[in-house]
Amino acid sequence: MSNHEKGKSVSSSAPRNDDAPLLEIRDLAITFDTQNGPVNAVRNAHLTILPGETVAIVGESGSGKSTTALAAIGLLPSNGRVSGGRIIFDGEDITNASAKRIIELRGNSIGMVPQDPMSNLNPVWKIGFQVKETLKANGLDGANSKERVAEVLSEAGLPDAAARAKQYPHEFSGGMRQRALIAIGLACRPRLLIADEPTSALDVTVQRQILDHLDRMTTELGTAVLLITHDLGLAAERAEKLVVMYKGQVVESGPALEILRNPQHPYTQRLVNSAPSLASRRLQSQKAKDALAAAVEDLDDPADAAYTGEAPMRAGHTASSIPAAAAQPVKAARPAKDGERKGAQAGETILEIKNLTKVFKLRGALGKTTDFKAVDDVSISVPRGTTMAIVGESGSGKSTVAQMALSLLAPTEGSILFDGVEVNTLKGKALFDFRRRVQPIFQDPYGSLDPMFNIYRTIEEPLKIHKIGNAKSREKKVRELLDQVSMPASTMHRFPNELSGGQRQRIAIARALALNPDVIICDEAVSALDVLVQAQVLNLLNELQEDLGLTYLFITHDLAVVRQIADHVTVMQSGRVVEASSTDDVFSNPKQVYTQELLNAIPGAALLV
Amino acid sequence: MSEKLTPDTDLTKPVIPAARQGKKSSRVIEHFVAPLEDTPLAAIDNVDETAAPLSLWAEAWRNLRKQPLFLISALLIVVVLVVAFFPQWFASVDPTSCTLDNSAEGARAGHPMGFTLQGCDVYSRMIYGTRASLMVGVFTTIGVLIIGGIMGALAGFYGGWIDAILARLGDIFFALPLILGAIVMMQLPAFRDNRSVWTVVLVLVIFGWPQIARITRGAVIENRNADFVTAAKALGLSRFSALVRHVVPNSLAPIIVVASISLGTFIVAEATLSFLGIGLPDTIMSWGNDIANAQPQVRNNPAVLLWPAVALSITVLSFIMLGDALRDALDPKARKR
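Chains Y and X supply the protein sequences, listed in that same order.
For the first sequence, full-length UniProt numbering begins at 1 and goes up steadily by one.
For the second sequence, full-length UniProt numbering begins at 1 and goes up steadily by one.
Don't read these hints as lab results, they were simulated from the structure.
Check before you lean on any hint, since a few could be wrong.
[To be verified] Calculated lysine-lysine pairs in the BS3-like style (CA-CA distance at most 27 Å, straight line):
1) Lys-233(X) to Lys-467(Y)
2) Lys-233(X) to Lys-429(Y)
3) Lys-472(Y) to Lys-23(X)
4) Lys-233(X) to Lys-361(Y)
5) Lys-354(Y) to Lys-233(X)
[Unchecked claim] Far from chain Y, some chain X residues (derived; all Cβ distances over 10 Å):
6) Ala-34
7) Ala-175
8) Thr-272
9) Asn-293
Backbone N, C-alpha and C fix where the C-beta goes; we use that ideal spot for every residue, glycine too.
Please construct the entire structure, taking both the sequences and the accompanying hints into account.
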């Protein structure tokens, strides 16, 4: 009946009604037995997938989205069980189906593409063998299995598939591995494909290629897709139907674009407001917002003012209606205030990177070394009190630049000037003082705090190292810092393992702030966080910048985040600077093909405007 | 269907794909909104202030308390320790007052395990033998922890030539079997003439440290590149301080596990050496010596050999079980989040 059903004929065995649901989950409840008693991970979940339809489950980590999907294929961890409701696949109740029946369904009827392409292929077997394994398990291992393997792989978009099938996983890039996993997932022509965050570990441009291809394949085969993702923009772009989960419950479901444009449930509204990929302008601090609101009020437009105050990030389409003149003084006022505090010239360059080059020696066979230029002639200058973003995909050398700017890695050539002083030649006392003024925040919130130190010791450590104050004044400072990052003072007796990722990241920010630094280098500081938490941390960083006159060097792979936080952008590709300009320029008028490609690959970018 | 896409690496495609517009379904899809009461919105990412703060050690302890394996082994170890410190509480008969009248006599009132060939009380000797065995085990473990721990931590943290030298040195000692090395060492005049608990400890430490060094080295390497160490360096902490304050405390868990298991094996090694007649001198009561002395009568009076052997096995077993329980409790993968 619909064009989604085109090309579906490959595996159909019996005639079926197109509008009978392929997968139906009714009032599903899933319980995990843990040390602290049973935990209800999913309650009253319901969703329906019609043949050929793409349905996306969106939610933050711990919302039960993966658990719901895994229950459908009988892959719950051993301490988890379906404690209520029904799962009906193609008219058959598989809620409590026997292990034998579930195994029959897997692969043949329900395929799966797992999240992490790095760990989901067995490193000791060739790719072709792993595809063949799937075919064999489902009885499709005929005489021409070799050709079939190559065919399946080339369908998934792997060039030169027959040769590729003879390679091992380590010879594949992340994107190619994900293609191989998609090939495995679709090898037996399942009627439903469960894709659990299939591209979260990949660069945006690769993500886009893979999803485009997956889209094309499933449309041609008439496969229904259950896409699990944390990215609302991506979900809305790829699925007809969205299911939003929160705390184990479905809070809203319906047509993707409608939910995105007209979210009804407060949680969904929050999600839409916070999704960076849907935001279209820089965050503003509370002060700037107040000033702006006042300016707009002067112009007798109270409606806009109210809107700006409430939903700053979604205000993209109202931004144009705010007179440019009103926004201008606020922006100009900021550096002037920093100048007061630091006693320095407004707009002066605080960090200047000149012709920076880093060559790594890669060990080859027989003691031979080959040179690998990780950073190639990079020049960046960061004005005081602003945010400079370095954007690039993995391997672009952006983190290496950050390491060198922190003086944790010596450059091969070029210079880094901090406040007019060359950083690389700093030694002893001078280096110690430099450390006080430039602080890092790292990507992994689980790795950047010492699990053995409680929060008080963690934040106190920089003060202790630099011998600032006595025990009493240090405790006062720790309290102040916790307050600055909006954490309750009682947190200081806790240990990192008791805090969530976002909370740990706020502690890391507090530690970085302890020494009143001038520059904070954020290396993918928000990439590991859930959307709402990410928005919260970005807001915090922005407020702190306003209050303390901080300068940020913000390393990220996510252009959507850049839009929200950065004043200037440097786009890097394989060690070189491709484009550098103000954020507005880069977004509205990208000069380079690569930048344009990155921009278009932001999922959901075009959906709200 | 088998249309080929350009490979991932080719990013210089001339055609830039436009931003996607989303999918529209021709089917009617119901727009469902859950009532707000069902899942009230919580504040984003707030701290649970109700739960008591827990350090990793406190968490491990809470975990341990519930493990039967730990409870049994801990109870046994406590009993063994008390016996070692206060043997007189458990045996009223002097283990050294032996009369040949009682030679190889069976059990009778006041002497529940009978007598040795020399007419000494078996039960009393077993009780008094605990101290020497336990001392050798404990002090060897302490010595091995100090030497192996320092060597392993330095090798793992600094790497490079320090690692190369220390690792080879460890391998040299590792290549010599502990017992064989100890036999040779104990034959040296300096050791042969001064046989005591301390010489046995020294010999066992010399051949026992590489194992702890290897474990420490591995654990330190795992932690030395952690972000929190980099962060500490960026705060201005020296490398050595970073090692002492951040890396070593985080590497302790596997070391503790291996140390408690090897404590048991050191007790066995002492017993073996004493059995061979080159461990503790006859003047010091130990299970190994008693087993050696009982060996000739193993066919007509096996009980004399059996009892010290049982004591030895139970002690060693309880340390190994403790190690296993600790391994489960300290396993980082078992930690929440």
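Do the hints match the structure? See the list:
1. Simply put, Lys-233(X) and Lys-467(Y) have alpha-carbon atoms about 16 Å apart, close enough for the 27 Å limit, and the pair holds.
2. Distance restraint check for Lys-233(X) and Lys-429(Y): the Cα-Cα separation of roughly 14 Å lies within the 27 Å cut-off, and the hinted pair is therefore satisfied.
3. Annotation: proposed proximity of Lys-472(Y) to Lys-23(X) is violated, straight-line Cα distance about 60 Å (limit 27 Å).
4. Between Lys-233(X) and Lys-361(Y), the direct Cα distance comes to roughly 24 Å. Compliance with the 27 Å bound is thereby established for this hinted pair.
5. Taken as a hint, the Lys-354(Y) and Lys-233(X) pair is honoured in the structure, with Cα atoms around 24 Å apart against an allowance of 27 Å.
6. Separation of Ala-34(X) from chain Y is inadequate, the least Cβ-Cβ distance of about 5 Å not exceeding the 10 Å criterion.
7. Every Cβ of chain Y is farther than 10 Å from the Cβ of Ala-175(X); the closest lies at roughly 27 Å, confirming the non-interface assignment.
8. Every C-beta of chain Y lies more than 10 Å from that of Thr-272(X), the closest at about 38 Å, which supports listing it as non-interface.
9. Interface exclusion of Asn-293(X) from chain Y stands, the closest Cβ pair being 49 Å apart, more than 10 Å.
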